[in-house]
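Chains as they are written, first to last, in my numbering: chain A, 1 to 335; chain B, 1001 to 1292; chain C, 2001 to 2285.
Hint data in this document are derived by calculation from the structure and do not stem from the laboratory. The structure presented is a predicted model; accordingly, all values stated were derived computationally and were not measured. Among these hints, one or two may not hold up.
Stated by the list, open to error - Below are the DSS-like pairs computed for lysine-lysine, each with C-alpha atoms no more than 27 Å apart in a straight line:
no., chain 1, residue 1, chain 2, residue 2
1, A, K230, B, K1085
2, B, K1034, A, K250
3, B, K1059, A, K250
4, A, K230, B, K1089
5, B, K1060, B, K1129
6, B, K1069, B, K1034
To be verified - Part of the chain B face toward chain A, derived, beta carbon under 7 Å:
no., residue
7, V1100
8, S1101
9, L1102
10, G1115
11, T1117
For every residue, glycine included, the Cβ atom is placed at its ideal position computed from N, Cα and C.
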Amino acid sequence: MSLKQFLQRLLLALPTLFGVSLVVFFLMRVVPGDPIAMMTPPGATEADVAQLRALYGLDKPIITQYVIWLGALFQGDLGTSISLRQDVFSLILERMPATLELAFLSTMIAIALCLILSLAGAYFRDRIIPRAVDAIASTAQAVPDFLWGLIFILLLGVAWPLFPISGRINPRLDHDLVSQFYLFESLIKLDFSLALELLRHLLLPAIALALPMTGIVTRLLKVSLEETWKQDYITMARARGFSRWYILRKEALRNALIPTVTLGGVQLTFLLGGTVLIEKLFSYPGIGNMAIGAVIQRDLPLIQGLILTFAVMFIVINLLIDLSYSWLNPRMRHG
Amino acid sequence: MSLLEVQDLRVTLRQHSTSTRLLRDVSLSMEYGKVLGLVGESGAGKSMVAKAILDLLPKKAVIDKGEIKFNQNSLLRLSVAERRKLLGKDIALIPQDPMVSLNPVRTIGTHLSEGLTHHLGITKAEARKQSIALLDEVLIRDPERVIDAFSHELSGGMRQRVLIAMAFSCSPKLIIADEPTTALDVTVQKRVLSLIRMMQRKQNTSLLFITHDLGVVAKICDQVAIMYEGRVLENTTAKQLFHSPGHDYTRALIDAMPRFDQPDKPILPVSRKLKEQLQAETREVDQATYND
Amino acid sequence: MADATAHYPSPWRDAGLVTGSLIVISFFAIAILAHWISPHDPLEQDLISNLLPPFWVDQHDPAFLLGTDSLGRDLLSRVIHGARIALTVAVLAAGFAAVLGTVMGLIAGFYGGWIDSFISRLVDIWMSFPAVLLSIVLVAVLGTGLHSVVIAIGIIDWTRFCRVIRAETKVQREQDYVAAGRALGLTGPAIILKEILPNLLPVLMTLFCLEMGIAVVVEAILSFVGLSLSSDAPTWGGLIEEGRQYVHEAWWVMLIPMLCILTLVIALNACGEGIRRVYDPVMHK
């Protein structure tokens, strides 16, 4: 993709974001239940309530509220969380790295598993391995991430306690990490024992998130590899004396990936959506876990901020998918 | 002494308990530096012979009998790895359809140089230099640009030239050209054909030329084998073939040729009666060899 | 078509379908008879005997076959009543999604044209959102409770029905008997109801079973995060949430409802796949 095309895509994302902000704002205004009533102590006077309303701008007409909200949004001001009484933007900024690390590791695991499984399934011509790959892929896909999480907690957290099942890091552990990107920072600082500790916490939730995506993408990639194998340029490569493994890797894989990336992108957004649940299940301190708390507390500013955050992440994922698609397929690069 | 010797090759396709003969005791022999034309209608088994030599037979096709000797060595007794060492280096293929025979996501340069680095063990930089020289040799204009192009940026004739360059890149002893001009425009066909001929002469390569076009045979072949239903009906020199064809079917094929020197000559298709007679013969052959 | 059914193999021979439906039927029976077969009141607390283990573990109490939770409530009874909630949600939500999706799919597939492109585009956009996130947002908007869970699942998952029904309708409308119906002067809706819909029943049944499985999981998820019924109500998700808190002391509180969900979902999938195997004419060619 040329730089011009990239900038075009980037510009196209703006109306999407604007639409999301509109929907989010008005959706949240029709929510039943009064957040102010929830945060006022019993015995508060009418005047107290009105004062609070004015403080959060809830006394103005709804259009005005939107314009004010949008204007503030552009300055990075997402309002103040009602339940946590803190700036929403900095709350999200503080929690987001945890979610990004989880999603990143999970994506890497999914990609690695997909490649290993589908290449093995396409490489071996016997009956056992391709069938085993199919069976693994369908099981991974059929069981939702929630149940995978539960299974892992019971098996590898309790019955055979290899891994911790809650949190991000052992709270008693002393560390001198300055950023919120614990894993990346520890790796950069070459502190491998700390990285290992972090990975032990991350691994179960990351695999639970990765498995459904692994299943569905593996199935498509394997079929796609088998289809590619029938192409004439593969026959040509075989006639030139390259080994099956070499052809699979160098000639077939990239072609087979082209139809797979689009599905992979959709699955990636699902994976990101799944962090909400998995973070709750593993008491992992990311924005997903925070989102559930916000919904239960009816913390409107926080919910809005989080939905916008997820929307931005989805837009970024789609952009990355577009980029990798045109990188894989040279016919897309020009024009 | 011959470079390639195919002896009594019998190939059967076994599928869902039925079996179909694809090749019926085919014998061929090729001299060093000569061109053998393998002629027949579609389904005559010409491409099957090529596939058997190139180890590209379909999964369900079995070699029941026979021998393929290349340079006095039996190809069928070699291990997969040993055979792969020959393929692309000593035996190369020019495919039928250049439009689909190049990988759409890899550059022309990668196609050319991967064969060179793989079979000759030279460095990537050296391979790139040689690749450009090869493109120049097959008369591609602006090879420095084409080397970084993708196949969709080239015309059909250009792609076939690239594939010819790939086939000749490691100076093979034998090249199998499987109807290399059929998929091309008529105007391009001639030029591609003379290019193959030129390269073959230059490198003194043996060429197994598969075609259904006797006109092409007359132009470039030394020897000709006529095939029908997986059988070799006649195997003779090209001169002999046109002067005194030995088989009724050969004669019928020659009669079916359009002749530019005799534009009024009627083009007669091979008669139904002759075909039925040949098919009956095939059945007899099959029955006679049923228990082999 | 009546004569087409003659070619279907007997559903009794399909092991997956038979086992799956037997399990699903037993879950339904348990759910319906919950009041009579559960040994205790699912809400009855007995703080002295809290976190008792199930029968296969030492120190269990025979009065509580599957043990108790942190408030001493009988797990067996809670799981039995949980089946009731799970299946109610499953049937209602899948029904809602099925009706919505089938109507849209029939319209899109039968009439084609701009309405088809509009509905297809809508489905594409809809399916690109992560379902879990969407359902949490929807429940946040609709308020907690069973009705919002049902509505949320229906609103999110109608696309699953719509996509398949649309494609099938497109195939069906090209068939001879549809043309014959038109020749007889039947109008669009009449052809849809009399000629096309009956042929889509096997597909619909398959989708319905699969959707029930999804609904069971989504309901469990929503009650796990606390967006379904109140935590007192004996939902499987609620049990899992409670079990999660005491997982190191009393793993069974989480294990038992999890096994219930897993069994029911796998059985529902087996039913769906079984129906597809037995009744899908394409697979028998």
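Okay, the hints, checked on the actual structure:
1. A/K230 with B/K1085: 22 Å, holds
2. B/K1034 with A/K250: 35 Å, violated
3. B/K1059 with A/K250: This hinted pair holds, its Cα atoms lying about 22 Å apart.
4. A/K230 with B/K1089: At roughly 23 Å apart (the allowed maximum being 27 Å), B/K1089 and A/K230 satisfy the hint.
5. B/K1060 with B/K1129: Cα-Cα ~42 Å, so violated.
6. B/K1069 with B/K1034: 17 Å, holds
7. V1100: Holds: closest Cβ of chain A sits about 4 Å from B/V1100, inside 7 Å.
8. S1101: 5 Å, holds
9. L1102: 6 Å, holds
10. G1115: 6 Å, holds
11. T1117: Violated: closest Cβ of chain A sits about 11 Å from B/T1117, beyond 7 Å.
Hint violations for this structure: numbers 2, 5 and 11, all remaining hints satisfied.
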